[in-house]
Amino acid sequence: MNEHHTMTLEALARAIGARLVGDASAEVHRVAALDEAGSGEITYCKGRRFRNQLVNTAATAVILAEADLEHCPASALVVDDPYAAYARAARILHPPRPVHPGIHPSAVIDPSAQVADSAEIGPRVVIGPEAHIGDHSIVAAGCVLEEGASIGEGTRLGPNVTIGACCHVGHNCIIHGGVVIGADGFGFAPDQGRWEKIPQIGAVRIGNDCEIGANTCIDRGALHDTVIGNGVKIDNLVQIGHNVTIGDHTIIVACAMIGGSTRIGSHCAVAGGVGLAGHLEIADGTQITGMSMVAHDLPAGRYSSAIEVQDSRTWRKNHARLHRLDETIRKLRQEIAELQKKLDEE
Amino acid sequence: MNEHHTMTLEALARAIGARLVGDASAEVHRVAALDEAGSGEITYCKGRRFRNQLVNTAATAVILAEADLEHCPASALVVDDPYAAYARAARILHPPRPVHPGIHPSAVIDPSAQVADSAEIGPRVVIGPEAHIGDHSIVAAGCVLEEGASIGEGTRLGPNVTIGACCHVGHNCIIHGGVVIGADGFGFAPDQGRWEKIPQIGAVRIGNDCEIGANTCIDRGALHDTVIGNGVKIDNLVQIGHNVTIGDHTIIVACAMIGGSTRIGSHCAVAGGVGLAGHLEIADGTQITGMSMVAHDLPAGRYSSAIEVQDSRTWRKNHARLHRLDETIRKLRQEIAELQKKLDEE
Amino acid sequence: MNEHHTMTLEALARAIGARLVGDASAEVHRVAALDEAGSGEITYCKGRRFRNQLVNTAATAVILAEADLEHCPASALVVDDPYAAYARAARILHPPRPVHPGIHPSAVIDPSAQVADSAEIGPRVVIGPEAHIGDHSIVAAGCVLEEGASIGEGTRLGPNVTIGACCHVGHNCIIHGGVVIGADGFGFAPDQGRWEKIPQIGAVRIGNDCEIGANTCIDRGALHDTVIGNGVKIDNLVQIGHNVTIGDHTIIVACAMIGGSTRIGSHCAVAGGVGLAGHLEIADGTQITGMSMVAHDLPAGRYSSAIEVQDSRTWRKNHARLHRLDETIRKLRQEIAELQKKLDEE
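So the sequence lines, in the order shown, correspond to chains W, B and X.
346 is the number that this note's numbering gives the last residue of the first sequence; the numbers go up by one with no jumps.
346 is the number that this note's numbering gives the last residue of the second sequence; the numbers go up by one with no jumps.
346 is the number that this note's numbering gives the last residue of the third sequence; the numbers go up by one with no jumps.
Rather than coming from a laboratory, the hints here were simulated on the basis of the structure.
Be careful, since some hints might not be right.
If chains are identical, the list can't say which one is meant, so a pair holds when it fits in one copy or spans any two.
To be verified - Derived pair list, reagent style BS3-like, types lysine-lysine, alpha-carbon separation capped at 30 Å:
#1 Lys331 x Lys342
#2 Lys331 x Lys341
#3 Lys46 x Lys197
#4 Lys46 x Lys342
#5 Lys197 x Lys317
#6 Lys197 x Lys342
#7 Lys331 x Lys317
Use the sequences and the hints to build the structure in full.
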């Protein structure tokens, strides 16, 4: 949950690097949508498609691009990229709650663990031997940090997060509730009809400025570490297999599944429900649209394979055709070839 | 886990609004399947397809429709809708365990939280400032209710559930283990190759009589609340993005994924593994079959897009054809057009 | 996390049943990849495709098949199945951490629960009435075992695992963090536009030597138990519905979804993201490739239905054709039929 601050437009414009046109002393305390913002609220205009909303806004101020300025009835904060500037303004007006340094008496902390004095350790937290908790971090209620686990400065763990033995989370990360980092990778060798477990002796290393969504799982590596770069944003219920590596500033949406040893480049976008097989190379900047399946390496580009719904009767017919597609096309070709032959013979 | 009660057929018939034909004083203590029920057990008959099982049942009593009565060798409870009546009978014979009011000494409860005297607060629960726990509710071991969170009367939380700050769950809900309600929505603005976090200042509001399955995640809204209506039933491992709204009595099966700001109407059925993109409008009463993908608004109807398995060799051939489908159809059309031309010229 | 042992090749060869060719007194302490292993490390050769790596390895020893022996520059442990033997060697060199018997003072244990003296009960664990904890087992921090739950000898539960009332986990299982076993199955009867809950009075029974991945959910049965056989390996974020039965030594990869009452045979392989509808029979030895959808019973075989990505422009065209496939094929056939007719008339 976030706090609410109040600021003058002058101070806010300065803070987000905007040119202020309007009432410098007017105050805002909340962000809101363009068509809903009122007095004391600041909003943004995404571009000319929203000019109708812009001319009618009741907001105290609007963050917008130069081109939209003449249509703005309110005070304006003029920037090159209104959406990014809006995000910055929102973070200033609604900062995360402050850290309350100290260790709750119900927390169980191994004497060999190092916990920064400026860190906040919530109720019922368990911190194992040789674990390390950085400055100004928050470890919420019920988290478990196993032996040798560590989190950097300013990192915040939600409730009931697990950081496995020897796994590391960098600075200024946000890990939401129920995340499990460092469970064993899924590695077994077939052995006379049984599955022989292969010990997973790697760990997980997560960079700085990452966000990881609720109940997401990131497995420890088999031999080497599973590695998540800097600025990576991962949504809820995502599965990251052992020895995956993910490059900086890549974004992975909910319910995606990344198979073991796959390497995803930097600045990629993996949409919701996408499945990547294991041992793939995905180039920097690759975009994969929702619910697609990837089973081969991908050079940079934009890729898709999901099918949109149709009414079920229509889909049933198309689906039946798809299930016989090879046979049908062979037959059509044959019929055409026979016609051609006949025609040529005449 | 549920209790077991014993009742006479007379009392049970009255309780579920059935007409009793048979031994009013016979007692039942358990529900069972039609082909497995024995003495002391009550079952139901789904319809004429199951008459073979009905004539052979060893159950003490059967809940059934008028049309099946003459084929029933046991006592009968005659109703219009046997399956719904069976559900009611099962809930009477197997009620949820009783609430044991009181606060476990290991729970950590902020002095400003309001906990009803009739509520049961389990071991290791953490309840934050200004939180509110309704009458006759159960908060199982390890749950975390953050600042300002609230649950209504008769609501039951399974182990290790998180209710985020200012999020609200209504009356008579069941929230299973590991659910995370109120983690941040997945909102970022691209900013020079990085992702700037957009604060998520909305909350989650869940109606009455809802059930939410294990490890499901419901994110808080960006500006407004994420809203789940009354009587909504959500299965395990479902992802509900920020600012989603779900209408009353809609059902969502496991592993479904609802993208941010999508509005699902009331009385909808979203099957397992379905993915809905964000910002969609799904009309009341819409049904979406398993593993389908939805990327456009849907008027009421029944929709599908998943493909059923074939043996892998057949599928490989059809798949190869699908990957060249546009090209292949163009070519077939061209060949047919050329034949037509030739034929016309002759 | 695993320990590290040091062993002579002689001892290790004996332990895994290999014929040693080379320096019996050389010591190894770690497994590593063939192209990365160095002094003190043992690796394995998957077969002739890897001979280039084999001839250049710097490993102290290599586990390999007879056919590769002549190409090995290091000491060799000759076996029939190098991968299975490697797994055994890895488990010997990197055994799981030892059990530290005892009950953490912060654990909350009902007086009627039976906890073996040789078991390790971590901080903040909650164990309900009549629960049973086997010898040499580990229950990590934050786990909740409800009334009558039980785990067998040598079983290890990761942090924040829930074992529901009356559910049973066998011997030598590994249950990773956040798993929820025994939440209610998803069973409701429609009743005048509402959903009437059907009590779930079965439990979950899990065999011996199973592994269950992080945040996976296995629901309790409606009337009978949900049953998982021996040696079953289930990955992270898998959904197992009520009354599912899974045969021995079947493997289920991440994010798969098994609908209620489906019976999966033994020695099956269900790949990641696969969805199985409910009430299906899947024969022993069946393999289902990633992200496939199964809606009918399957005899033994290998099955697929997922589509691999294409560049989004190409896919968009193929997708549009697929949505009109039935109509298009009808039309093509009609055109061909008309040509044939014309040709025949001439």
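Hint check:
1. Lys331 x Lys342: Classified as both; 16 Å inside a copy, 20 Å across copies.
2. Lys331 x Lys341: So Lys331 and Lys341 pass the 30 Å test inside a copy (15 Å) and across (17 Å) alike.
3. Lys46 x Lys197: Intra 53 Å, inter 17 Å, cutoff 30 Å: inter-copy only.
4. Lys46 x Lys342: Classified as neither; 62 Å inside a copy, 56 Å across copies.
5. Lys197 x Lys317: Neither way: Lys197 and Lys317 sit 45 Å apart in one copy and 35 Å across, limit 30 Å.
6. Lys197 x Lys342: neither (64 Å within a copy, 67 Å between copies)
7. Lys331 x Lys317: both (18 Å within a copy, 14 Å between copies)
When held up to the earlier numbered hints, the structure conflicts with 4, 5, 6 and fits the remainder.
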